[in-house]
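Visitor: Given next are the chains, with one letter for each unit.
Number of protein chains: 2
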Amino acid sequence: MKRVCTRQFRNLTRLRSFGEVREKISRSINHVCLSRRSFHGSACRLGELELTSVRYPHVQRGKYATLTEKDVDFFQKLLPQRVLQDPSELDGYNIDWMRTVRGNSQMVLRPKTTSEVAEILKYCNERHLAVVPQGGNTGLVGGSVPVFDEIVISTQLMNQIISLDEVSGIIVCQSGCVLETLDNYLAERELMMPLDLGAKGSCHIGGNVSTNAGGLRLLRYGSLHGSVLGVEAVLASGEIVDCLSSLRKDNTGYDLKQLFIGSEGTLGMVTSVSILCPRRPKAVNVAFLGVENFEAALQTFQLCKGMLAEILSACEFMDQESMQCIQENLKLTNPIKSYPLYILIETSGSHGSHDEEKLNVFLEAAMGKGIVQDGTIAMDVTQRQNIWGLRERIAEGLLHDGYNYKYDISLPLPKLYEIVEDMRQRLGSKVTRVVSYGHLGDGNLHFNVTTPEYDKEVLGLIEPYIYEWTSQVRGSVSAEHGLGFKKRDCIRYSKEPNAVKMMVKMKKLFDPNGILNPYKTIPL
Amino acid sequence: MKRVCTRQFRNLTRLRSFGEVREKISRSINHVCLSRRSFHGSACRLGELELTSVRYPHVQRGKYATLTEKDVDFFQKLLPQRVLQDPSELDGYNIDWMRTVRGNSQMVLRPKTTSEVAEILKYCNERHLAVVPQGGNTGLVGGSVPVFDEIVISTQLMNQIISLDEVSGIIVCQSGCVLETLDNYLAERELMMPLDLGAKGSCHIGGNVSTNAGGLRLLRYGSLHGSVLGVEAVLASGEIVDCLSSLRKDNTGYDLKQLFIGSEGTLGMVTSVSILCPRRPKAVNVAFLGVENFEAALQTFQLCKGMLAEILSACEFMDQESMQCIQENLKLTNPIKSYPLYILIETSGSHGSHDEEKLNVFLEAAMGKGIVQDGTIAMDVTQRQNIWGLRERIAEGLLHDGYNYKYDISLPLPKLYEIVEDMRQRLGSKVTRVVSYGHLGDGNLHFNVTTPEYDKEVLGLIEPYIYEWTSQVRGSVSAEHGLGFKKRDCIRYSKEPNAVKMMVKMKKLFDPNGILNPYKTIPL
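Just so you know, the protein sequences line up as chains A and B, in that order. Numbering (the UniProt record's numbering) for the first sequence: 1 to 524. Numbering (the UniProt record's numbering) for the second sequence: 1 to 524.
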């Protein structure tokens, strides 16, 4: 039993009667969608989604070759039984899991080795055949599906763990390893992956690295630019760039692996990675707090950064409208009273009672200063999952409203909620809800608007206004989702012309024929 | 008073009579050398050091223009009173602080702003005048001094702190800020820089970023690839690439800033940086332990990683020969009995008594299991500095032997000491000492051999043997020092030909005329 830190902290035990959300909640709705067993909130079934080439008529197919029988013969010899061409099998590779884009690829290749990937790319480069590398196909910006008839190179069969040094915590594996599989493998050895995502049951580590995935552990363990120690990638030419170092320090020349982190498969296809894995925490605590305004939320974050310091592992927030959404649409129960904003704080450490003491002292201070008004602490794993469920099921709740306009932006912390209030005023009664939540500790806002159905006028009120707003305060129009196909033309809101010019030059240097994941990342 | 965790841990209080090293020790001998007030172990005075062009006759001057009066006029107009040409003033910019290389630059430019740097580079690029960017000139591989007559662009006057967001801990500053100045500024705000180096009193943050400096906090806070959030750099063409984001998350296009981290000023000159700074720890503990062999050292590291977990901030090691060196040459006292290997463990946390308890429990376990034989814990700041002094003054101690062959390599942890034993056998009685120490937690070995004077035969026994050995186990021939001028031709021991080829292409893309820090990083 956890002790109550102050009398004010009166809702501590309410969570026990938290029946509505007691069912096992996967860390996010993503899990459900990703399995493709079902899809919530969409009337659209497989086969009915219009082709990307139809929906986005301004995007023209590049001057690439078209697949011939000779090509198919080549690939079938190279990858016996590992070339998919049956249209019924191709849908899952042509359509993104959000069901917003649909390519028209006629062939999926499933290599098992780096040298097979090298053979494929060498051939495609010589033949001017465009390709799209694909991992778990869990991206949110249409980056991992074909736009036209690009050949899909899937990493599904590249799923071998190559090595683990348990002393240093460095794992080396192929790019097709599923994140959760790796995390489970590490859990048996008291280690864990430095990143965690809702899509972890499906996403591939190669895709995580290629999109510089952020997620729930970034506040504590930093970005993949720091924790990825090595990358092996195949260039468009078929040349293998082996920077698969498993060293913490290596200052010999340019750090080429960084180029493949976050470039969405447009500079090379990641085939193996080496990652530094932290120790798995022995104790995890979760608190859910109510505050009166965003200023108090920031004060809470600052206070917990100082007082929880090395054990702070997440600082998430959600607003009243987020809570209303999950209450109304998912019938979840708010474990505390209604407040304008809620904060979820997680600690992860090596010593349970030390961590509890720190958390209690922090909560006493936060409530004593009048920053935090109310709160509850999870008592066990189920309660932890339930509190996390409140934060993570908002995305699911939103789908029930009808149409959902989704944005994933980074802003300087003092500006993080100003945009929400501004937008709420701007949209007024034209919309069902303006809902925001996100990673407070990372300055990452998930901003959402819902309407009963798609409304062009509402879209016109949101865009480009939200991008211009973000740009003016030097925010990022894509905090963690990347640009992919759908956002590549928004790059100018977050990057200067000289930077974009350098990117274009680098793309040309690495992939002169432009065969690698065309129509993605780099703007038209 | 700190309690003794076991009876075995009997040397706890010995440190109090630790008179020999009680004088205030700067974190490293580097401090002394860097100030250029004195230089230990070298008979060579300023003016006597031979020119790099003489010492390395195989390196030919590139086909660059030579400085004319018209050029000088241009720079004097652009930077009034900030162009140095007096030969007596130029020595400090032409010679590295180790006094191993000496350029022959005729001019030092001291811009204050990014746009001045842009003007300089635009002009130099058009005129084909080669330049070398220089920060605190504290590098160890001759990367920041001219090789021939390159114009020095010093960041000495680019020392403004631009902003600090105390909530997120993100500082933005010009590249010429001295690391220690930044750390002191942050200390007043309960924050700290994520890196710490012996040279912190002199080195510039722009140089740290350009060389991807490692240092003493890397084990805990990771590399600069993770903690640098933004970079503003000027390309050879004079174009400013503004990627000075102060966001934790930004996935809009390629992460160009990574290219400037560790590329030693050969792709662009860093003018400003944005860095994520951790909270300053409230409690710091240091323990000094003796173990019987390297296997026990690894077990100690593994145990403390697990038990100290989030509070572990350093795990350094030094061998018996290191201890003998500082005992004999610096008259320092070993606070415990003599052991084959010693380990220094530092914890940093937010709660003193929690940290002490964790440390004591760890020490009890380590001694109970028979892994650690003996040890002592620092009782106060002075004792902490004294223990750190044992580890950090080895470099100074070595200089007293005469000639010092120095290597800075990364190896897979299980191999880290094997190379030392192998080399000790190989060199036998031909040398004074074979000494090794380093960052155990990072797999980074500082390997040293001494002889009374420079001995070509000994050098031939060490090189290329040590590089080949390192290469065979996929180690790095430069863990944290970079390649610069002196090690650029060693790159092939740690990087594959395809990777080097890509680097050469990138250099050509970013700097087609090759004016930026020529003769560095990229091999001949």
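Incorrect hints may appear among the rest.
Copies of the same chain look alike in the list, so a pair counts if it works inside one copy or between any two.
What the hints assert, rightly or not - Subject to a maximum C-alpha distance of 30 Å in a straight line, what follows is the list of computed DSS-like cross-link-like pairs (lysine-lysine):
{"hint": "1", "residue 1": "Lys-456", "residue 2": "Lys-406"}
{"hint": "2", "residue 1": "Lys-430", "residue 2": "Lys-331"}
{"hint": "3", "residue 1": "Lys-508", "residue 2": "Lys-63"}
{"hint": "4", "residue 1": "Lys-501", "residue 2": "Lys-122"}
Since the hints were derived computationally from the structure, they do not count as laboratory data.
Visitor: Are the hints correct? Go through all of them and say.
Guide: Cross-check of the supplied hints:
1. Lys-456 - Lys-406: within (14 Å within a copy, 67 Å between copies)
2. Lys-430 - Lys-331: For Lys-430 and Lys-331, the Cα distance is within 30 Å only inside one copy (25 Å; across copies 80 Å).
3. Lys-508 - Lys-63: Intra 15 Å, inter 28 Å, cutoff 30 Å: intra and inter.
4. Lys-501 - Lys-122: both (27 Å within a copy, 17 Å between copies)
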